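Enquirer: Based on the sequences and whatever the hints tell you, model everything.
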Amino acid sequence: MSGALRPRRREIHPRPYDPAYKTSVTRAPALPLLSMESTPSEETGPRFGHSLIGPRDADLIHNFTGNPAIGERIRVHGRVLDEAGRPVPETLLEVWQANAGGRYRHVKDGYTAPLDPNFGGCGRCLTDGEGRYEFMTVKPGAYPWPNGPNDWRPAHIHVSVFGHAFGQRLITQMYFEGDPLIARCPIAQTVRDRAQLDRLVAPLDMGESRGMDYLAYKFDIVLRGRRRSVFEGEM
Amino acid sequence: MVQPLDTLTETASQTAGPYVHIGCLPSFTGIEGVYPEDLGRSPIAEGAAGERITIRGHIYDATGWALRDAMIESWQADAAGRYPGQAGADPAVTGFARFACDGESGEWRLDTVKPGPVRGRGGQVWAPHIALWIVARGINIGLQTRIYFAGDDHASDPLLARIEQRPRVETLMARPEGEGAWRFDIRLRGEGETVFLDL
Ligand SMILES: [Fe+2]
Numbered sequence: 001m002s003g004a005l006r007p008r009r010r011e012i013h014p015r016p017y018d019p020a021y022k023t024s025v026t027r028a029p030a031l032p033l034l035s036m037e038s039t040p041s042e043e044t045g046p047r048f049g050h051s052l053i054g055p056r057d058a059d060l061i062h063n064f065t066g067n068p069a070i071g072e073r074i075r076v077h078g079r080v081l082d083e084a085g086r087p088v089p090e091t092l093l094e095v096w097q098a099n100a101g102g103r104y105r106h107v108k109d110g111y112t113a114p115l116d117p118n119f120g121g122c123g124r125c126l127t128d129g130e131g132r133y134e135f136m137t138v139k140p141g142a143y144p145w146p147n148g149p150n151d152w153r154p155a156h157i158h159v160s161v162f163g164h165a166f167g168q169r170l171i172t173q174m175y176f177e178g179d180p181l182i183a184r185c186p187i188a189q190t191v192r193d194r195a196q197l198d199r200l201v202a203p204l205d206m207g208e209s210r211g212m213d214y215l216a217y218k219f220d221i222v223l224r225g226r227r228r229s230v231f232e233g234e235m
Numbered sequence: 001m002v003q004p005l006d007t008l009t010e011t012a013s014q015t016a017g018p019y020v021h022i023g024c025l026p027s028f029t030g031i032e033g034v035y036p037e038d039l040g041r042s043p044i045a046e047g048a049a050g051e052r053i054t055i056r057g058h059i060y061d062a063t064g065w066a067l068r069d070a071m072i073e074s075w076q077a078d079a080a081g082r083y084p085g086q087a088g089a090d091p092a093v094t095g096f097a098r099f100a101c102d103g104e105s106g107e108w109r110l111d112t113v114k115p116g117p118v119r120g121r122g123g124q125v126w127a128p129h130i131a132l133w134i135v136a137r138g139i140n141i142g143l144q145t146r147i148y149f150a151g152d153d154h155a156s157d158p159l160l161a162r163i164e165q166r167p168r169v170e171t172l173m174a175r176p177e178g179e180g181a182w183r184f185d186i187r188l189r190g191e192g193e194t195v196f197l198d199l
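Line by line, the protein sequences give chains A and B.
With this note's numbering applied, the first sequence covers 1 to 235.
With this note's numbering applied, the second sequence covers 1 to 199.
Any given hint could turn out to be false.
Just so you have them, the derived chain B footprint on chain A, three or more residues with Cβ under 8 angstroms [said to hold, decoys possible]:
| no. | stretch |
| --- | --- |
| 1 | 6–16 |
| 2 | 130–144 |
| 3 | 194–208 |
No more than 16 angstroms apart at the CA atoms, straight line, and that leaves these computed lysine to aspartate or glutamate pairs for EDC-like [to be verified]:
| no. | chain 1 | residue 1 | chain 2 | residue 2 |
| --- | --- | --- | --- | --- |
| 4 | A | LYS139 | A | ASP205 |
| 5 | A | LYS108 | B | ASP102 |
| 6 | B | LYS114 | B | GLU46 |
| 7 | A | LYS139 | A | ASP128 |
| 8 | A | LYS108 | B | GLU104 |
| 9 | A | LYS22 | A | GLU177 |
| 10 | A | LYS22 | B | ASP61 |
| 11 | B | LYS114 | B | ASP153 |
| 12 | A | LYS218 | A | GLU177 |
Bear in mind the hints are in silico, worked out from the structure with no lab data behind them.
Small disclaimer: the values here were computed from a predicted structure and weren't measured.
Every residue, glycine too, gets a C-beta built ideally from N, C-alpha and C.
Expert: Following this line, the structure appears as structure tokens:
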């Protein structure tokens with residue numbers, strides 16, 4: 001076991017209670033969180049090995065039926081780092097998304113856009129020794145959702161990361177450069193700090209794109225770090 | 001000006017949304033064939049030491065409605081209070097589970113072994129507990145809380161001691177409801193609101 005986690009900077013995260021995102025009104029705690037130094041339950045966490053990952057897990061274009069999904073082929077890549085800038089190696093990253101038409105393969109999604117018979121919508125991978133990851137997918141479509149009278153989600157990919165400690169657990173969403181719906185989305189706008197929201201927007205990365213094949217987007221993720229300590233005796 | 005603190009900032013959270021199951025529990029939502037099975041189906045394997053327990057509960061919103069779309073992750077020590085990866089830990093305890101509220105009733109269920117007390121820095125000892133992390137549509141950043149077990153010795157638990165309003169301690173106590181069966185209801189907001197943690 002290593003040291004305590006750095007306290008979470010709640011001000012950079014979305015406001016839990018945000019009336020513009022209506023569902024948060026009944027689901028956000030009203031009382032203050034109980035804050036204290038992390039304990040072994042937060043400083044340890046599940047680890048997953050390479051044996052978990054199948055050869056097509058990170059290829060959402062093909063991993064549902066083997067036949068290719070319809071849509072704009074993209075490669076999403078980036079690094080997982082901690083707050084000290086150290087790579088987080090061999091950590092599990094999971095993604096899920098709507099298909100190119102903006103439809104999810106989920107019993108609760110009744111949007112008019114059709115399902116793609118060859119698109120499941122989930123993928124996963126482990127970061128490598130330098131914290132790098134990548135997956136192939138199709139660019140998801142925007143979709144309408146019941147909140148205001150005419151709210152649309154910008155194109156986005158949901159991303160879940162474990163880190164090495166249960167207290168580092170993070171789920172976020174990756175948006176795409178240039179999408180005018182980001183500024184109009186009550187969920188994206190729960191992040192009040194513009195600079196922090198900008199960090200959720202992946203830039204087009206032509207250098208990692210491949211001619212006649214796919215466009216690339218880069219999405220780096222930072223997890224909570226640990227406090228450095230010279231006092232080894234504190235265990 | 002001063003020297004810059006040479007640190008990065010954590011990536012901001014966003015809600016897991018109503019379709020979290022697609023990415024985290026695909027088989028649960030009918031997406032078969034991508035992975036052999038959903039991750040975190042059980043925190044224990046055959047032969048895990050300790051008392052087998054089942055914990056059931058609901059997650060209620062501010063109106064008293066049970067969520068049907070939430071996902072919970074749990075992380076715990078083995079029966080001797082050791083976490084996977086630590087010296088002497090029970091190899092049959094992975095410690096991690098992932099489960100969803102039932103789409104009809106909203107009830108969730110965790111089958112595991114009861115963890116032992118955990119030792120930490122400075123000789124502190126935590127009473128047996130299971131850490132939970134709750135995500136759902138409308139929850140903008142995952143909620144941390146803990147299941148403790150009514151009837152254990154909680155007198156010296158440093159976390160429970162920090163709760164000023166003593167009746168709120170009860171919101172972190174699973175209640176026995178039969179041999180090896182426990183109930184733990186979570187209230188996100190309003191009357192009886194669960195103590196959520198920032199650790
Ligand atoms: Fe979504």
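Enquirer: Against each hint, give a clear statement of whether it holds in the structure.
Expert: Hint by hint, here is what the structure shows:
1. 6–16: Held - the stretch 6–16 of chain A has 9 residues with a Cβ nearer than 8 angstroms to chain B, which meets the minimum of three.
2. 130–144: It is violated, with 0 qualifying residues against the three required.
3. 194–208: holds (count 4)
4. A:LYS139 / A:ASP205: holds, 14 angstroms
5. A:LYS108 / B:ASP102: holds, 13 angstroms
6. B:LYS114 / B:GLU46: holds, 15 angstroms
7. A:LYS139 / A:ASP128: violated, 24 angstroms
8. A:LYS108 / B:GLU104: Within the cut-off at roughly 12 angstroms; holds.
9. A:LYS22 / A:GLU177: Cα-Cα ~26 angstroms, so violated.
10. A:LYS22 / B:ASP61: holds, 13 angstroms
11. B:LYS114 / B:ASP153: holds, 14 angstroms
12. A:LYS218 / A:GLU177: With a Cα-Cα distance of about 10 angstroms, the restraint between A:LYS218 and A:GLU177 holds, given a limit of 16 angstroms.
Comparing the model with each earlier hint shows violations of hints 2, 7 and 9; every other hint is respected.
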